Amino acid sequence: MATETHGEAEAGLVFHPMDQFQVTPLFGAGPVEWFTITNVTLWMGLSILVIFAILVLGARGRALVPTRSQSIAELAYGFIYKMVEDVTGKDGVVYFPYIMTLFMFIVVANFLGLLPMAFTTTSHIAVTAVMAMAVFLAVTILGFVKNGFSFLSVFWISSAPLVLRPILALIEVISYFVRPVSHSIRLAGNMMAGHAVIKVFAAFAPLVLISTGIGLVVTPLSILAITAIYALEVLVSFIQAYVFAILTCVYLRDALHPHH
Amino acid sequence: MATQTTDLGQAVGSAAKVGMPQLDFSTFSNQIFWLVITLVVIYSILSRIALPRISGALADRADRITNDLAGAEDLKSQALAAEEAYEKALADARAEAQNINGLMRAEIQGQLDEELAKADAQISARTKEAAAELAEIRNSAKANVKIVAKATAKEIVAAMGGTADAKTVTAAVTARMKG
Chain P
0 MATETHGEAE AGLVFHPMDQ FQVTPLFGAG PVEWFTITNV TLWMGLSILV IFAILVLGAR
60 GRALVPTRSQ SIAELAYGFI YKMVEDVTGK DGVVYFPYIM TLFMFIVVAN FLGLLPMAFT
120 TTSHIAVTAV MAMAVFLAVT ILGFVKNGFS FLSVFWISSA PLVLRPILAL IEVISYFVRP
180 VSHSIRLAGN MMAGHAVIKV FAAFAPLVLI STGIGLVVTP LSILAITAIY ALEVLVSFIQ
240 AYVFAILTCV YLRDALHPHH
Chain Y
0 MATQTTDLGQ AVGSAAKVGM PQLDFSTFSN QIFWLVITLV VIYSILSRIA LPRISGALAD
60 RADRITNDLA GAEDLKSQAL AAEEAYEKAL ADARAEAQNI NGLMRAEIQG QLDEELAKAD
120 AQISARTKEA AAELAEIRNS AKANVKIVAK ATAKEIVAAM GGTADAKTVT AAVTARMKG
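Going line by line, the protein sequences match chains P and Y.
Under numbering that gives the first Met the number 0, think of the first position of the first sequence as 0, with each following residue one higher.
Under numbering that gives the first Met the number 0, think of the first position of the second sequence as 0, with each following residue one higher.
Hints are computed from structural coordinates only; laboratory data are not their basis.
Computed from a prediction, not measured in an experiment: that's the story for all the values here.
Note that beta-carbon positions come from the ideal geometry of N, C-alpha and C, so glycine has one too.
A few of these clues could be false.
Counterexamples of contact, computed for chain Y against chain P with all Cβ distances above 12 Å [stated by the list, open to error]:
#1 84
#2 94
#3 115
#4 172
Derived coverage of chain Y by chain P (criterion: at least 3 residues anywhere in the stretch with Cβ under 8 Å from a Cβ of chain P; other residues may be distant) [said to hold, decoys possible]:
#5 18-31
#6 35-47
#7 54-63
Construct the entire structure; sequences and hints are all you get.
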């Protein structure tokens, strides 16, 4: 209701840039319990279906000369596999399915969120934080299991002068614990900001219906802006999924090879 | 506007919704629950079906490519061997031709020599024969000349009015012919 009063100041324009992020029950209007079937459920379920279509149905042929859909699946597979191998080394390849899961979920959820009227699950800090914390905990536990207490040498930069090492160690420890925060907020923030900006421009778009004079200038401009931001968001959707996956690989490499 | 409590609840709810739905902690458990389910489902789909299938297809293709490359290498070496054999056969044939050529030449030369010798022998035999004939002709001519000379001398003497004694004429002719 606050937005509507704000909108009336603009002669009838309605601004609801954040409404698209609301978690609402799909059936009925009760409170959102942990098990309630909400739009989160719907769009996450759709992302499962899309991933299934791309990676299972698309690669069904197993043809020697791949079909188009099979090429997409193989391209995604090869892209992430090569990234894991390049960043973490040969011994990191066993964790490839986990990273592939994260990447596929994020990239598909990001692109599904770009559909009009869609709900972007990855724009929620709750979702990205869970993934980032899972990565953080898994990598930390893995580091101690694989290396014992020598995993702590990841904070002790032996290439730096001895005097600087304690200070650097402090900075490294802080940055280590900030990792999950930046890891999750980067993704959620990017997704949220882009979608909110599109919504703001979308609110300006029908201005021509209210006041023809300014509207003739503002409406085409805002439609152009929506198009431009949308194109940018397509790029961001992929890049953020890639960044999330490659940072996971980088953290994994630290856990497997802490001595640098 | 049913009761005041619902109004209040709606006001609080909408205030939270209007701000940032991302910070509405009441929905966190819901999102986390469904996220965990989603990730588990995606992970099982990937690890059970999708990734083995795709990696299998990729491995099959890599195998096929290596096999084909090895096959091509094989065929290439076979082609090289065939070319070598061809070259060898060609050289052999050439050498044999040379050989046959030499043999033929020698044979022809032999035949030619033989024929030449035969021809030479024939020619010399003919020459000898001809010389003999010539000598015979010459002898008979001499004899004939003697007879003709005797007869002529007798006739000349008779024409001169003398009588030619055969003995004398013969002696004179013989003496002349010797001189």
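- Item | Assertion that residue 94 of chain Y lies outside the chain P interface [Cβ separation over 12 Å] | Residue 94 of chain Y clear of chain P: closest Cβ-Cβ about 50 Å, beyond 12 Å.
- Taking the shortest Cβ-to-Cβ distance between residue 172 of chain Y and chain P, state whether it exceeds 12 Å. Residue 172 of chain Y is indeed farther than 12 Å from all Cβ atoms of chain P, at 128 Å.
- Query: Quick check: the stretch 54-63 of chain Y, covered by chain P? Criterion 3+ residues, Cβ under 8 Å.
  - Reply: With 7 residues in contact (Cβ-Cβ under 8 Å with chain P), the coverage given for the stretch 54-63 of chain Y holds.
- Query: Is it the case that residue 84 of chain Y keeps its Cβ farther than 12 Å from each residue Cβ in chain P?
  - Reply: holds (35 Å)
- Item | Claimed coverage, the stretch 35-47 of chain Y by chain P - three or more beta carbons nearer than 8 Å | holds (count 10)
- Item | Least C-beta distance from residue 115 of chain Y to chain P larger than 12 Å | Consistent with the label, residue 115 of chain Y stays out of reach of chain P, its closest Cβ about 80 Å off (over 12 Å).
- Message: Between the stretch 18-31 of chain Y and chain P, are there enough contacts, at least three residues with CB-CB distance under 8 Å, for the coverage claim to hold?
- Response: holds (count 13)
Going down the numbered hints, you'll see the structure goes against none, and every one checks out.
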